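S.K.: Read off the chains here:
Protein chains: 2
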Amino acid sequence: LPGPTYVLEEVRQAMTKPMVGHRSAGYKAFYIELSKKLPPLLRTSGEVMVASGSSTLVMESAVVSCAASEVLNLTNGAFSERWHSISKSCGKNSDKIAFPWGEAIDPETVRAALRRKKYDVVTLVHNETSTGVASPIADVAKVIREESDALIVVDTVSSLAGAPVETDAWGLDVVLAGTQKAIAVPPGLTVFTLSERAVERAGKVPHRGFYTDLLRYLDKHKEGGFITTPAIPLLWALDKQMDVILAEGMEARWARHEALYRRTAEWAASRGISYASAENARSVTVSCLKPPAGVDPQAIVKKLAERGITIGGGYGDWKPTTFRIGHMGQVRMSDLDALLVEIDDILKGLAG
Amino acid sequence: LPGPTYVLEEVRQAMTKPMVGHRSAGYKAFYIELSKKLPPLLRTSGEVMVASGSSTLVMESAVVSCAASEVLNLTNGAFSERWHSISKSCGKNSDKIAFPWGEAIDPETVRAALRRKKYDVVTLVHNETSTGVASPIADVAKVIREESDALIVVDTVSSLAGAPVETDAWGLDVVLAGTQKAIAVPPGLTVFTLSERAVERAGKVPHRGFYTDLLRYLDKHKEGGFITTPAIPLLWALDKQMDVILAEGMEARWARHEALYRRTAEWAASRGISYASAENARSVTVSCLKPPAGVDPQAIVKKLAERGITIGGGYGDWKPTTFRIGHMGQVRMSDLDALLVEIDDILKGLAG
Chain D
1 LPGPTYVLEE
11 VRQAMTKPMV
21 GHRSAGYKAF
31 YIELSKKLPP
41 LLRTSGEVMV
51 ASGSSTLVME
61 SAVVSCAASE
71 VLNLTNGAFS
81 ERWHSISKSC
91 GKNSDKIAFP
101 WGEAIDPETV
111 RAALRRKKYD
121 VVTLVHNETS
131 TGVASPIADV
141 AKVIREESDA
151 LIVVDTVSSL
161 AGAPVETDAW
171 GLDVVLAGTQ
181 KAIAVPPGLT
191 VFTLSERAVE
201 RAGKVPHRGF
211 YTDLLRYLDK
221 HKEGGFITTP
231 AIPLLWALDK
241 QMDVILAEGM
251 EARWARHEAL
261 YRRTAEWAAS
271 RGISYASAEN
281 ARSVTVSCLK
291 PPAGVDPQAI
301 VKKLAERGIT
311 IGGGYGDWKP
321 TTFRIGHMGQ
331 VRMSDLDALL
341 VEIDDILKGL
351 AG
Chain F
1 LPGPTYVLEE
11 VRQAMTKPMV
21 GHRSAGYKAF
31 YIELSKKLPP
41 LLRTSGEVMV
51 ASGSSTLVME
61 SAVVSCAASE
71 VLNLTNGAFS
81 ERWHSISKSC
91 GKNSDKIAFP
101 WGEAIDPETV
111 RAALRRKKYD
121 VVTLVHNETS
131 TGVASPIADV
141 AKVIREESDA
151 LIVVDTVSSL
161 AGAPVETDAW
171 GLDVVLAGTQ
181 KAIAVPPGLT
191 VFTLSERAVE
201 RAGKVPHRGF
211 YTDLLRYLDK
221 HKEGGFITTP
231 AIPLLWALDK
241 QMDVILAEGM
251 EARWARHEAL
261 YRRTAEWAAS
271 RGISYASAEN
281 ARSVTVSCLK
291 PPAGVDPQAI
301 VKKLAERGIT
311 IGGGYGDWKP
321 TTFRIGHMGQ
331 VRMSDLDALL
341 VEIDDILKGL
351 AG
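Here the protein sequences line up with chains D and F, keeping their order. The letter at position 312 of the first sequence is residue 312 when you use our numbering, and the numbering goes up by one with no holes. The letter at position 291 of the second sequence is residue 291 when you use our numbering, and the numbering goes up by one with no holes.
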């Protein structure tokens with residue numbers, strides 16, 4: 001499943017503790033400990049905050065808080081296109097550069113756009129869950145920095161904790177990710193960073209709202225708490241899962257995801273199944289695949305569901321032609337192998 | 001504790017089921033069943049939706065979605081004042097009528113204000129958790145309807161499921177409440193209604209954002225789902241707790257809260273403890289109290305905490321002079337009696 005992904009039993013059980021006050025000394029101490037575990041995940045020496053809401057909330061909040069007016073949305077799939085909708089819905093002047101679905105964002109095309117017009121914010125999606133494409137964020141960010149002083153705001157929803165995301169080294173201003181994908185916590189929380197540049201720039205944006213004001217999160221975070229009552233049980237789950245992630249180690253976790261992707265790619269090649277994403281742009285966390293000729297991808301999804309197994313159908317425009325295997329979060333090689341055996345069995349039936 | 005309140009063990013356990021896809025047929029069926037349980041809670045024949053986020057999110061969303069420009073905030077405590085901050089932070093022209101802390105909103109004062117100026121939206125808080133005051137929403141709403149066509153947007157965070165809230169009978173346009181108070185679910189969700197009038201009016205507001213666009217919630221709700229990935233475990237908890245609430249019955253639940261309030265009031269009177277809220281404006285879900293002369297309320301809170309018991313300190317400006325007993329949610333008379341015995345014991349020590 002490309003998400004919400006499987007959540008470990010111990011992480012689910014962490015949610016069941018008796019409720020506590022979120023302004024209590026005990027909860028504040030808990031939050032401060034949790035806060036120390038998040039910067040290594042996002043590879044930053046800065047602060048990492050947690051919003052109670054889905055990634056879309058923080059995508060919107062980043063635009064509302066950081067963009068005085070001009071926004072450039074780089075799109076190559078459903079979620080990056082959503083960001084363009086969000087920007088327009090907030091009343092910002094929003095342009096988009098639309099790369100074809102299945103292809104990565106091209107840095108040189110971005111360079112040309114930045115030479116034509118000045119932007120306050122550029123938004124991009126690291127890993128398009130809809131198409132299984134990973135874009136070269138480091139290269140794109142470098143170009144944006146060279147050509148402009150636009151803030152670089154990145155959705156890493158389905159890459160963070162599965163593939164390298166280097167907030168500081170790549171010079172990213174806002175990095176955000178819902179916790180229900182490769183982080184493998186139940187949905188409802190979004191972690192995010194805010195660079196010093198972003199803080200300074202947001203300070204000059206007049207109407208940042210309240211729940212959408214990222215500076216308000218930072219102020220409260222520095223006091224050891226939240227802007228409003230947080231989703232307490234989900235934070236307990238995140239804390240427990242961060243112990244799991246840090247015990248595995250970021251590099252080991254990335255390597256495991258890389259291995260899961262390679263296994264999937266080898267299997268696909270040997271079955272006449274092709275990737276819908278360009279070869280130089282494949283995500284290590286989700287494979288978006290075209291079935292062998294004559295096989296309906298929706299039939300594969302349906303027959304797996306009958307066996308109690310969920311994979312992703314194609315997303316949006318790609319629904320009739322693709323299916324998606326999520327190999328992220330706590331997925332082990334043995335889990336993936338078992339899934340591929342089931343798909344083999346179904347393909348045999350559909351071809352026969 | 002005035003919230004988050006105690007959550008039943010069975011409700012907490014409902015959160016631990018293995019994760020599922022929020023677009024799956026099974027989850028959609030679950031959501032449709034849950035959706036049938038919510039209208040009786042809000043006493044409406046209309047739709048009730050659920051946002052993943054705290055009440056503040058929906059307070060902001062209601063202003064963003066429903067107010068073209070002019071907002072009137074009726075304030076009489078910390079949370080109603082927050083709504084004024086929210087309205088201004090969203091760039092709306094916002095006036096406030098500030099009633100004294102501890103007093104209810106006065107309908108005739110509101111009438112006079114509505115005769116002076118035309119508003120798109122009037123915001124009010126039914127039950128001010130900060131001061132233990134309940135305002136006569138039915139009367140205020142009647143005046144607003146008589147004098148204007150402003151939408152009536154009501155925060156019922158600490159009254160819903162504890163005291164009568166009659167969305168349809170009182171003619172309320174948006175009613176919202178976080179689920180962590182009298183509803184007694186862990187924090188992270190907010191339920192809300194949207195009248196036909198509100199839908200029509202919001203349709204003419206140009207920039208409603210995305211996560212803050214209440215019409216988007218309604219559209220997705222009608223399809224049997226959510227605008228984005230919802231906080232799935234919390235929705236399982238809400239579903240389980242709605243069974244508990246509907247089994248008790250709304251009227252019986254209100255009567256239980258009324259009895260808890262009366263018990264608290266009798267106890268207070270016999271101990272020389274006075275209410276900080278006006279006599280005609282007392283909340284049945286939270287009592288905001290002034291200790292006997294010479295006793296520091298913060299000492300009571302601290303000594304209870306040493307015994308492992310949490311009550312609320314005073315809020316904001318009232319921190320040095322008041323303390324708050326939350327008697328809402330799943331609190332039983334025996335729980336309240338046990339608490340009052342502990343407070344008696346502490347008062348004896350502090351007086352001695």
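Keep in mind that the hints were calculated from the coordinates and are not lab data. Please note: incorrect hints may appear among the correct ones.
A pair counts as met if it fits within one copy or between any two copies, since identical chains are not told apart.
Stated by the list, open to error - Pairs of lysine-lysine residues, derived as DSBU-like cross-links and limited to a Cα-Cα distance of at most 35 Å, are as follows:
1) K117 <-> K303
2) K348 <-> K88
3) K118 <-> K303
4) K117 <-> K88
5) K88 <-> K142
Bear in mind the structure is a predicted one, so any value in this text is a computation, not a measurement.
S.K.: None of the hints should be skipped; say for each whether it holds.
M.R.: For each hint, the structure was consulted:
1. K117 <-> K303: Classified as neither: same-chain Cα gap 50 Å, cross-chain 62 Å, threshold 35 Å.
2. K348 <-> K88: Neither: 47 Å inside a chain and 62 Å across chains, both beyond 35 Å.
3. K118 <-> K303: neither (50 Å within a copy, 59 Å between copies)
4. K117 <-> K88: Cα proximity of K117 and K88: in one copy and across copies (18 Å, 31 Å).
5. K88 <-> K142: within (26 Å within a copy, 37 Å between copies)
Comparing the model with each earlier hint shows violations of hints 1, 2 and 3; every other hint is respected.
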